[in-house]
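Visitor: Start from the sequences and build out the full structure, keeping to the hints where you can.
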Amino acid sequence: MVEVKEEEEKKQVAEAAAEIAPKEDEGENENESLPTISESEAENEVSSSSDSDGEPERDKALLIGVAFNIDELYTEILYIILHNVGCDVSLEVGQNSLFSYAQEAFRIPNNKHRQLMDIAESKQDPELMINVEVIEAKELKSKDSNGLSDPFVTLYLASNSSHKYNTSVKSMTLNPIWEEHFALPITGNSTGDTLCLEVWDFDPAESMKEKFVTATSGQHENELIGRASIPLNTIPASGMTMWYSLDKKHKATRQGVLKVRVSFSSGKNNQVAQQEHRHMRKIILLHELEMSKVAPHWWCGNFSSQGEQLLTQHIAQSGLWPTEVALCSYSVYADVHQKHPLSLTLFTKLLEKLVKPLKTEDISEEELKLFWEATRKLLPSCFSVIRKIRKKSTTEKTIMKQVIEVMKILNYITLLEPNGIDLFPSTLYPWITSREDGPNCDILSTLKEAVCRGASDWLEYLIEANSRQNETDLVKLQNLIQLIHLVRTDLQKSIEYYDKLFLDHLKFQYAKCLYVFYQARIATLCEPEVTEICKTLKKLHYVGYSFNSAPVNEDPTDDPLLEGTSLFEVYLTLQRFVMLGKGLCPAEYNSFHIKNFHKWFHGGVTQWLDIAVYKALIRIEKAVELDKLVHVDTSVKYSSSAVDALTIFYQVKTFWQQLNWPDVEGSYTFIAKIIDDICRCCVFYADKMAAKVDGLGEVEDIYDKKFEITNEWCLAINNIDYVRETLEPFTRELNMEEVLKQIGETKGPLDADRCKNTLENVISNAIDTVRNKIIELLEIVVNKMGPSMKRLLIEGAELCNQDSNSVDRLMMYVDNNLSTLHRELNSENFNRILQILWDQLSEILNDIIQNNLEKRRPPSFFANLHTTLNIMLGSFKNPDDCSSCDALQRTEQILKINGLETADLIHQAYLELANLFEKSGETKYGELSFRCKFQNDSLIIEIMNARDLLVMDSNGTTDSFVRIHLLPEHKFIGVEKPKTKTQNKTLFPLFDETFTIKLSTEQCEMEGGLILFSVKDRDMLGYNNQYIGEAFLRFSDIPRTDQDLSSLPQVKKWLNRPVTMDTNVIKALESRQGDKQAREFLKKYKQRMGS
Amino acid sequence: MRSASKNTLLKVVILGDGGVGKSCLMNRFVSNQFDEHSFHTIGVEFLNKDIEIDGETYTLQIWDTAGQERFKSLRTPFYRGSDICILTYAIDDKTSFNNLEMWRTEFSYYADVKENNQIPFIVVGNKSDVIAEEREVSQLEMETWCNENGITSCIETSAKNASNVQEAFKMAVQHWLRLESRADKNETDINDTVDLTKKSGDNRMSCCVGSSDD
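Chains B and D are the protein sequences, given in the same order. Quick note on UniProt numbering: the first sequence kicks off at 1 and runs consecutively. Quick note on UniProt numbering: the second sequence kicks off at 1 and runs consecutively.
It is worth saying that the hints were derived from the structure and are not from the lab. All C-beta atoms, glycine included, are put in the ideal place defined by N, C-alpha and C. Take every hint as true, because none was put in to throw you off.
For lysine-lysine, the following DSSO-like pairs were computed, each having C-alpha atoms within a straight-line distance of at most 30 Å:
#1 K160(D) with K747(B)
#2 K747(B) with K49(D)
#3 K72(D) with K615(B)
#4 K49(D) with K741(B)
#5 K535(B) with K94(D)
#6 K535(B) with K72(D)
#7 K72(D) with K582(B)
Stretches of chain D that chain B covers, calculated by requiring three or more beta carbons in the stretch to come under 8 Å of a beta carbon on chain B:
#8 43–50
#9 77–87
#10 102–112
Guide: Here it is as structure tokens:
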């Protein structure tokens, strides 16, 4: 009868269990309809148990199925408590406390409890067994003559001593190993019984047959070595393994030690027991969760002592093996975990126990199914951890711990090779995108999807949270910056914290997986926005690119600036993001769309360059404004704004370095642009600098208003020069060489050359332009000195021979200014300004000369002016410097000429002609031959002949004669001017006439004395002789000798005519219109030129 | 204020479709060379050259740009601050002529000038050496287009046989001079006004002082 009843019970439980699975699967969906059931139950509770008042509702969904046979289960619990085995109960928890715990856990009203208790008490005692494994013995006493024993063990329960069990005999050993298993049925009350273990020495004399008989009957002549007794109530319900010492009556010493494992078991149907255990564990777990109110994710397997006791008793009394218990727990916990998350550590511990048995032991198909069912329930929470890895509410440490557990769980599951099991059904994993037909058990690809999904959820949330209607481009850009920044931070965190975990446990590249996802998403997010914004960038309007005006941003709001700056920030943020990817995924990097992010910004670069220039101009203006025009320190000759300007340029360079433009063509072009821009900035700086010092140095004293060169002027010049000097080194820092090298590699050497030429042109153009700026400024300085110099020069000329200090003042003025320049300027600029000063001086002089020639000033005026100029030139530190100035020398020459008296001036004209003709070769006028000598204050001239004379007459011949003039005219007044006879109608006249001219010694030694031979064609009437040509002979070239003239060499000179009025001397003569002497000379001169 | 003895610097930008001969034009002008095997310009090229007009020397800083669309963002930064813009087409390429409008717009946008007539645009029809049958744009068409767009200077050139190249650049500078003299005049006017106001301000102050003394 009892058997039948038990069978029925088991059947009911099995049926109920069969219902559990489908019901539980639908649990989530049925949640809504469940409260009706729970409410009715709750009412029952209220009426029966006051304890349950105000208790939170237990999750009924989890109990559904169990509830159908809850009475039977409860009865079983009571029964177990009644028949507790092992020592634990009495020692720790009283039976009564267990009863009340169970009643509470199962929520059984008192009357029902009593009713079920009756049933439990009336039930037959359990069919308990004690399982004994005799493992080994050590240090046994020797019983045989050889010093050894042949031990075996006899074991029995004291209550049934006739029923003995023996191990095999281990011959000739004192340390036998048996490892043999025995199951002894326990009858009656187990608590009082004792397990007896006796170790015997086998008598080898007996035959094998006898040995067998005696061994089984226990009646033998063998000798007892020692015995141990173990009261059953000292054995814990969960069993134990112990060393026992062996005693013998009347012997005080130890006879050896015996190692035994003892545990309880039952004859229960194992499957039913497992099922019962699962239900029981679940009820107790739910009860404990409810009572302890443990937070989600925290419970990690610790029951209260009562709960623990009940479960242990059930295990012991049902004879469940550890693997079975672990599997039950795993299944129950996974189930509960779905609703009330438990600590993941719990699962890793269980999996640790389960993996080996599952892989090696022969596990029933049903158990396997149970395992995978539970795993399927457990996994979503694992992937949820991965997906919610960025959850803000939990601390970093907790997340880390969870992730570690998840990694362990996934690793265990992977080890179990879940091939063919649909671990990831689409109902539970709707977010898995790539699905193939059939069961899905690909853990890594699911992990990848979970990682991406988590990242995606987070990112989309951020995007959603930041997006507003109609936001401005500026806000859009700032949102992008923030977003990329957050993503980068997330990636860095993933690298720092998680990447190693994923790699170690699952060989999964977490950060890389994330990066691949992020880069694609960020690319799709940024590309359209950036390109669109670049297209519609507001132009930065400013004047100031021209050389003079100040930069003025005409947009009163700084929108274009802000927008451009934000855009650049987006660029930099993306750049850093891309760099991260290059390091993280070197193999995949080239396939990333985001790699070419710079292309989205093409339109922006123009704007950035503009902004860079604009900002530079503003800063330069400020720097000049703040410049106090004092030396930065004593060792340098420039002031603060020069240093500032340089810093400003380097900011542009920093911008360029930050930009780090990846495209080589673009880099080249932008470098050209930057150099050009910097050049413009330099020019702007020069202009600002010039404007700053413009009003300085104007002084007024009692004499006049004048301009004094000040240190400030010199500083301004030095500043500009300092900036100019840094131009070239600056351009070298723009990575030009590298860019050109790359162009050579990608485009070929020809293109690289062209680019190089262009850049060099731009650079030298920049340097030249700034150098010109300096020259310009130097000219301004000199121009400012001009009026004072001019006035002083004129005063000097007017008053030179009178008692006046004007020359001193002139010298002082020039000296002061030049010494300032010399002290303050570097030698290059000082030489430059001297050059300009000479030019300026000669210009001033020319002006003065022209002016005063018009005023018909006497030659003495010009002579005075010349003296003054020489005094002034003498005041320069190095008078030789001015020799390099052609203009000044020419002017000085003019001055000298104009200072001459007219007669001297005329002679100067002859001298110049003599010099000019000296170089002449063959002419059309013919050649004259003669011989001359000085002898005893006489000049003896023999005119010999002429040849190839110019045809002067209509008949094709010439009637020629030669007249001799001695020059300078005014020194030879009264001296005769002899002429030859006329030789008619011949182009080759033979004159052969000798003239002796008496002179004073003084005249003979006349410096610059000249003989002028004029060859003329005689008119028939003698009134209108025509000029053929002339030749000169210097007195200095005439020998002084007593030798006969005929022994002297013939002198041959080609005849010439004056050809130009455009000489300074002739001009000076022309200016002396009122001078008769000059007038007559010019008249003749023109005649000599011929018409 | 640039002193008379120093050269005036003028920034010149040459624009036009790829292949119309911008670089050839520049090289002919600067070094009097012509290279049959022309390259695509990468981004920009730069040369400078002095040109004398009426005894004055001007230094032209010439930026030759790449006409291909893909270089757009590389050339546009160079427009700002230009003094002269040479719009170029090839007379045997109607499309390049039709694109002048696009070039003009692009330049005006990036050069950041408010009124088009402030920039000395000059239009250059290059490749005048091609045989009559290959000509696709007549001189009349060019002149008409210029008239319609308020551009007063246009010329046909051949970088290949050097015809009109110097003239084209000279024309550009002369055009600039005309605009500049107009602008200068305006500027002087403004300066005068400023001075006057300043003086009158001073006067008024002294007036006030005077009246308070009363």
